[in-house]
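There are 2 protein chains.
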Amino acid sequence: MSAGAEVGNEDGTGRVELAFTPSGRSVRVPPGVSVFDAASWNGIAIDSTCGGHGTCKKCRIRIVDGSVPVSRLDVRSFTPEQLREGWRLACLAQAAGDLTVEVPPLVTRPKAATVGVGRQVILRPAVQKRYVELDEPSLADQRTDLARLRDGIDDLELTPDLHALRRLPTVLRQSDFKVTAVIVDEALIDVEPGDTTGRRFAIAFDLGTTTVVATLLDLTTGTPVAVQSMLNRQQPFGGDVITRISSTMMDPEALGRLQRLAQETLAELAAAVCADGGVEPAEVYEVALAGNATMTALLLGIDPEPLGVAPFVMATATPEGLRAADLGLGLHPGARATLFPALGAYVGGDIVAGMLATGMDRDKRLRLFIDVGTNCEIVLGDGDRIVSTAAPAGPAFEGGAIRCGMRAAEGAIEVVRLGDDVTLQVIGDVEPRGLCGSGLVDAVAELVKVGLLDASGRFVTNDAAKEIAPTLADRLTLVGEERVFVLHRPAGSVDTADTVYLSQRDVRELQFAKAAIATGWSLLLEELQVGPRDVQQVLLAGSFGSYLSPASAVRIGLVPKLPVLRIVSAGNVAGEGAKMALLSLRERTGARTLLEEVRYVELSDRSDFNDKFVEQLAFPP
Amino acid sequence: MSAGAEVGNEDGTGRVELAFTPSGRSVRVPPGVSVFDAASWNGIAIDSTCGGHGTCKKCRIRIVDGSVPVSRLDVRSFTPEQLREGWRLACLAQAAGDLTVEVPPLVTRPKAATVGVGRQVILRPAVQKRYVELDEPSLADQRTDLARLRDGIDDLELTPDLHALRRLPTVLRQSDFKVTAVIVDEALIDVEPGDTTGRRFAIAFDLGTTTVVATLLDLTTGTPVAVQSMLNRQQPFGGDVITRISSTMMDPEALGRLQRLAQETLAELAAAVCADGGVEPAEVYEVALAGNATMTALLLGIDPEPLGVAPFVMATATPEGLRAADLGLGLHPGARATLFPALGAYVGGDIVAGMLATGMDRDKRLRLFIDVGTNCEIVLGDGDRIVSTAAPAGPAFEGGAIRCGMRAAEGAIEVVRLGDDVTLQVIGDVEPRGLCGSGLVDAVAELVKVGLLDASGRFVTNDAAKEIAPTLADRLTLVGEERVFVLHRPAGSVDTADTVYLSQRDVRELQFAKAAIATGWSLLLEELQVGPRDVQQVLLAGSFGSYLSPASAVRIGLVPKLPVLRIVSAGNVAGEGAKMALLSLRERTGARTLLEEVRYVELSDRSDFNDKFVEQLAFPP
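Protein sequences appear in the order of chains A and B. Number 63 in this note's numbering belongs to position 63 of the first sequence; there are no gaps in the numbering. Number 1371 in this note's numbering belongs to position 371 of the second sequence; there are no gaps in the numbering.
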């Protein structure tokens, strides 16, 4: 099979594509993800009230193209004819291959929504709208406009914004004292003429170092209306948090510029999701944002230098009392902004959001959460005890410091399989241009599997290679003085510039990265006095971690040696956590509670760190 | 005696001038005011801790020119030689004539300050500064910067402004973790390097329809640092609240313009007092503002129309959560603004401030508070019960609708005495140009006293005049077809344009104005079931009321018929109340409590109002 061909749907490691109608949107997800989650993570609303447990039977979809087996509950939910037509429950429909899915329009106005990793959230947003019909004032009833409104909404202690106070007399009298109060927590942020209770929106942001995602939510139904993502405009200042912190240390103007770039990124996304969803920016009354500590500091214009040098100290773990305007967003003038609290300089709000979205605080199983990236955040919990740490994995997973490394963009090899030949899956199905993080992990894992890399991470000799894998051995060659394994060489090309290969040094980079991560979780396992095999579930999170092949992650020792089914791709959990905070005050409180429940373990001052690290460099047997 | 000559110091009705050294400032006050109050109201600090009761004996001053009798307590406080040198206690030194007063520099750092009408206020401002020396962070102590600061100030629950959060990491590290926290209530609004606890300022504003006064206060000592006043820049939109409200009803742009003009007035005054006091605007952390409901609404950009038409409804009685920046002020970026709450559309925050400054909520005597102006606010209380109302007095007191009326500016006749001849006191000691409110009241009162006006308010016939007051009778003449009394005619002039006179219609205008006021307080007396003679003190307040001659006010029936000594000029009580709110959280709470204690009596729907009004038109016998 040649490079660029489709692979992997059969063995459950490649990406599958789901096309949704009538929205026309399509998404690529790891196989095994439920159609419900795939839709939800991508802003396509499917009815549900039970939280994906197959009990409400509302998440009806029709498989128009592709195949999904009939589940036990499908048989109870649909007639045989419907089943033949492709009707399934979305929460139980696992996408094993490419699918085209028809999503019926929403029929229920749910009291709950399903977000995160199967989390069902009772809808109780901070944003409320109350329609009231008030008595008109008279000489016998000279209550102030505010007192009149408060008396009409007497279960809340409303505090008006100045903007709302300015609008109050005019709007009351324009609309015969029939108005809708717009409330966030107990702040009265506006009064609108007549009954506008059906229009209530918020935006959840996942402010990543690389990618920023915005989801526009309808707070009345709990469903996503539109999703957009783009690269963080801070990219020119460096690919990771450390280079961005460094730039502020070298240039006094950099902090202001980075702040503006972050604000512009959010503003562009906000405008895009509003346009996409047919929502006026002034109808967006709240935003929630999950980001790591550096992204959060830069967005707020706080000097990040203390985050970048020991002892790694944040200005605050809990930025509060903010407005969307403080983040440079032109939404409703009184729109509030809720930022996820952080556990530490390197376990930020994005991870707290992820813990919320994955239920790390509630699930009674022993679970390991790993957000793989330049800075890798690791959480281990069993519902009673939760510990977390951060491991400096370096840029390898983002293609940095890798000879043919690149971002997960068009032309990047994302899946590698070695048999008699090399089989590649390339983003965009084009000629391979380089190797992204998941391709790197795959390549190394496969080379270890076939034996071309030994346990210490060294390429075997050419002679040994010819014995071990005669059809692949000629790909082991030299580029300059360095030994490499050629993954792709264009037909007829002799120029190494067109070649995509994995070098000995690349393997070392990956070993350092995975050893840092493995040291992190092994120390956390020690903290809870449990062993690697006790772990019941590993959640791979983040825009990179979600796309890792679980089998390859096990093979190189990035995760504990466990059955592949226990290793789950968790998707964009930071964004999901942000959505939960917008949909439910209870979940928002849960994020604050996590700060007290989670014990942060600092690795950089552990005397045993280096020993453990060296132990983890080798690949597991 | 000719026009323009000094009069009145002897009979206690004219103004006296006090010149203070070394400040070089001089002020004109009604006679009988204590030197302490005269200084305090004008921003000159004199030591005191007892509140003007003669007990602390700290308010030592020296009378350099003029005469002040030695009081019983002066004898105990000074040696005979000191007494001969002119040393007196300022709180007991009544200014009966012009004085030059030497004020020693402040020696104490008081825990209390004297403001208002003899109110002693324990210093406990909302603005606090705390100097802390914090431990530097380490890997063993990774508390966030905010947590570290909070732990150092553990008696408060600090909530940081975003501005303070931005400054925190930088300032902590610039100053070796020795910083001063700037706190308003429990908001952390800034951190400053090193110990800046000695610099802590606030500005009290009295936002009048006509005049706006700003006092810069040193919150550490409770003393005024600088005072400035100017005309409200909204003047071109009309002299009173009704014309300004009308302009917003006719022109949709007017509200925005009026808001900007009010903001500009405050900003100019703020800049002036800061420059005058040698204080950086960024050292001003709070402002307090007392204004009537219309001025407050316009300043905040709230449509005032509902205040101007029945049933006279405010947007809110208690504007809260404001910042100085919301008022257009460029002080510290986190500076807060506290606005006085209002009792009703026509008993606004200025009156609540005045009630605080005069102790209307605490004094056990039956007292009547009257703020004389176009809208006249009246409060009656005995410490247990307090009632208030507003009377529409019209523009007469501000010189409006009076033929030769003018504001209290240079050339205005402010005092009138009739004997064998007419004796006038003119502002600026220049040729009279017109008649201001106090001159109008004086003129009518004197004409009633000599009998040239009868009890019904009609000028007597020329024949009767010649019998009653032969030396004045020829001043009764005609201008056009209207009978007038000529107060001043320039020597040799025959042109009535240069003549200052009082017309029959002017007398009617004043009768209507004083009848409205008298109807107001007589209905309040009925509400408390007491009679006019039960009133133990009448406080005349406001920039106009404070300058009224008590004897003339009694004569025309503007106040109950009481011994003149019971009628007290209270000064700029709105501004004093604003100062109290800045100096003491307890007093600020007191203002809020007043809202519940005071019962507002609406006059405009009283069926007996017209009857009472007609009864009050005549002058008392």
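These are calculated hints, taken from the structure and not from any lab test. Values in this document were obtained by computation on a predicted structure and should not be read as measured data. We put the CB at the ideal spot given by N, CA and C, even for glycine. Please note: incorrect hints may appear among the correct ones.
[Said to hold, decoys possible] Derived pair list, reagent style SDA-like, types lysine to any residue, alpha-carbon separation capped at 25 angstroms:
| # | chain 1 | residue 1 | chain 2 | residue 2 |
| --- | --- | --- | --- | --- |
| 1 | A | K178 | B | D1303 |
| 2 | B | K1178 | A | E305 |
| 3 | B | K1178 | A | A310 |
| 4 | B | K1178 | A | M249 |
| 5 | A | K129 | B | T1423 |
| 6 | B | K1111 | B | E1136 |
| 7 | B | K1612 | A | H163 |
| 8 | A | K129 | A | E81 |
| 9 | A | K612 | B | S1138 |
| 10 | A | K129 | B | G1321 |
| 11 | B | K1449 | B | D1420 |
| 12 | B | K1178 | A | V309 |
| 13 | A | K178 | B | D1420 |
| 14 | A | K612 | B | D1303 |
| 15 | A | K178 | B | E1305 |
[Unchecked claim] Going by beta-carbon spacing under 7 angstroms, a handful of chain A positions derived as facing chain B:
| # | residue |
| --- | --- |
| 16 | D135 |
| 17 | P137 |
| 18 | L139 |
| 19 | D145 |
| 20 | R166 |
| 21 | P169 |
| 22 | P306 |
| 23 | G308 |
| 24 | V309 |
| 25 | P311 |
| 26 | V313 |
| 27 | D605 |
| 28 | S607 |
These are the hints, each one checked on the structure:
no. : hint                 : verdict
1   : A:K178 with B:D1303  : holds (18 angstroms)
2   : B:K1178 with A:E305  : holds (19 angstroms)
3   : B:K1178 with A:A310  : holds (20 angstroms)
4   : B:K1178 with A:M249  : holds (22 angstroms)
5   : A:K129 with B:T1423  : violated (69 angstroms)
6   : B:K1111 with B:E1136 : violated (34 angstroms)
7   : B:K1612 with A:H163  : violated (43 angstroms)
8   : A:K129 with A:E81    : violated (43 angstroms)
9   : A:K612 with B:S1138  : holds (23 angstroms)
10  : A:K129 with B:G1321  : holds (22 angstroms)
11  : B:K1449 with B:D1420 : holds (13 angstroms)
12  : B:K1178 with A:V309  : holds (20 angstroms)
13  : A:K178 with B:D1420  : violated (68 angstroms)
14  : A:K612 with B:D1303  : violated (70 angstroms)
15  : A:K178 with B:E1305  : holds (19 angstroms)
16  : D135                 : violated (12 angstroms)
17  : P137                 : holds (5 angstroms)
18  : L139                 : holds (4 angstroms)
19  : D145                 : holds (5 angstroms)
20  : R166                 : holds (5 angstroms)
21  : P169                 : holds (5 angstroms)
22  : P306                 : holds (5 angstroms)
23  : G308                 : violated (11 angstroms)
24  : V309                 : violated (10 angstroms)
25  : P311                 : holds (5 angstroms)
26  : V313                 : holds (5 angstroms)
27  : D605                 : holds (4 angstroms)
28  : S607                 : violated (12 angstroms)
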